[in-house]
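Chains as they are written, first to last, in the working numbering: chain A, 72 to 231; chain B, 72 to 231.
In case anyone wonders, no lab produced these hints; they're calculated from the structure. Keep in mind that the hints are not guaranteed to be accurate.
Identical copies look the same in the list; a pair holds intra-copy or inter-copy alike.
Listed next, the in silico DSS-like pairs over lysine-lysine satisfying Cα-Cα at most 25 angstroms (straight line) [claimed, not checked]:
no.	residue 1	residue 2
1	84	202
2	231	154
3	95	84
On a predicted model such as this, the values are computed, not experimentally measured, just so you know.
2 protein chains.
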Amino acid sequence: MGNEGFYVALGLKAWNAQIDRADKIFGGLSSEEILREVAPGRNRLLYLWGHLTAVHDAMLPLLSLGGRLHPEFDVAFVSNPDKSQADIPSYEQVRRAWNAVNAELRKGFERMPWSDWVQRHSAVSEEDFAKDASRNRFAILLSRTNHLSYHLGQAVLGLK
Amino acid sequence: MGNEGFYVALGLKAWNAQIDRADKIFGGLSSEEILREVAPGRNRLLYLWGHLTAVHDAMLPLLSLGGRLHPEFDVAFVSNPDKSQADIPSYEQVRRAWNAVNAELRKGFERMPWSDWVQRHSAVSEEDFAKDASRNRFAILLSRTNHLSYHLGQAVLGLK
Numbered sequence: 072m073g074n075e076g077f078y079v080a081l082g083l084k085a086w087n088a089q090i091d092r093a094d095k096i097f098g099g100l101s102s103e104e105i106l107r108e109v110a111p112g113r114n115r116l117l118y119l120w121g122h123l124t125a126v127h128d129a130m131l132p133l134l135s136l137g138g139r140l141h142p143e144f145d146v147a148f149v150s151n152p153d154k155s156q157a158d159i160p161s162y163e164q165v166r167r168a169w170n171a172v173n174a175e176l177r178k179g180f181e182r183m184p185w186s187d188w189v190q191r192h193s194a195v196s197e198e199d200f201a202k203d204a205s206r207n208r209f210a211i212l213l214s215r216t217n218h219l220s221y222h223l224g225q226a227v228l229g230l231k
Numbered sequence: 072m073g074n075e076g077f078y079v080a081l082g083l084k085a086w087n088a089q090i091d092r093a094d095k096i097f098g099g100l101s102s103e104e105i106l107r108e109v110a111p112g113r114n115r116l117l118y119l120w121g122h123l124t125a126v127h128d129a130m131l132p133l134l135s136l137g138g139r140l141h142p143e144f145d146v147a148f149v150s151n152p153d154k155s156q157a158d159i160p161s162y163e164q165v166r167r168a169w170n171a172v173n174a175e176l177r178k179g180f181e182r183m184p185w186s187d188w189v190q191r192h193s194a195v196s197e198e199d200f201a202k203d204a205s206r207n208r209f210a211i212l213l214s215r216t217n218h219l220s221y222h223l224g225q226a227v228l229g230l231k
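With the rest of the complex left out, here is chain A:
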């Protein structure tokens, strides 16, 4: 595999480091703490965690690793802002979904041959991919790792 697989391994290591960090930040909160806003009038920690779960869930079809586990999270955590929906998944439901989704991604990452990482992701057509080969699966991994970091930076502000 030469260095090619090595780059993928480094990308996955960075991803795993941020997942571990998220586990530590969100996993140890009480059911009151998870309802704290990260700043006055801003998103609650529960919303951020659900949002991250939904975005990671959508990576499954995007990377051709399988179907979504929790498409119903989008209404609560992606297409609508926090505090706009009367009924959103509970802390326990988000925790279970977060763990299930990231475990499914991990399994998929382990199965994926190195060379597949530079293949197109499923949201880009073959035609568009022929014009811009950077719209591939590795780019999704990097951008979702940054997306996770971005919201973790916010989440820590909601911890006391």
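On the provided structure of chain A, position chain B as indicated by the hints.
The following block gives chain B in isolation, referenced to the frame of chain A:
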């Protein structure tokens, strides 16, 4: 170069995307706005920008691209918390340093042969690198991109 250089290009694209985002967030603020806290009692935007500048400046020697341009930023923005130092660089000084440091990094990235990205970074000894080859320059690029995203997530909370 096969796909190896392609992975580096994807890593650099992700870096540049976050740098552009930072330019937009910090670059257009007034001299009052830059002094806003991201949340009550938390870091001011100026501190975050100076902090990112100092951390990027330290990447120059870390990636063997040259000496630091602004080592004096560390006292103001790294080794001490915000609002603890009487005299810190001004908005204009931070802006100039931010631009200079990132331009210098860009030049260095352009000069660096693809294969150098998997070489050790300067903060790890040859002995330790022999034990863990993942402590290389590409890993630094990914981790600093995530660091930037992390603080940008906080910075947007300080915008109105």
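How the hints compare with the structure:
| no. | hint | verdict |
| --- | --- | --- |
| 1 | 84 <-> 202 | between (29 angstroms within a copy, 16 angstroms between copies) |
| 2 | 231 <-> 154 | both (21 angstroms within a copy, 19 angstroms between copies) |
| 3 | 95 <-> 84 | within (17 angstroms within a copy, 29 angstroms between copies) |
Hint compliance for this structure: every hint is met.
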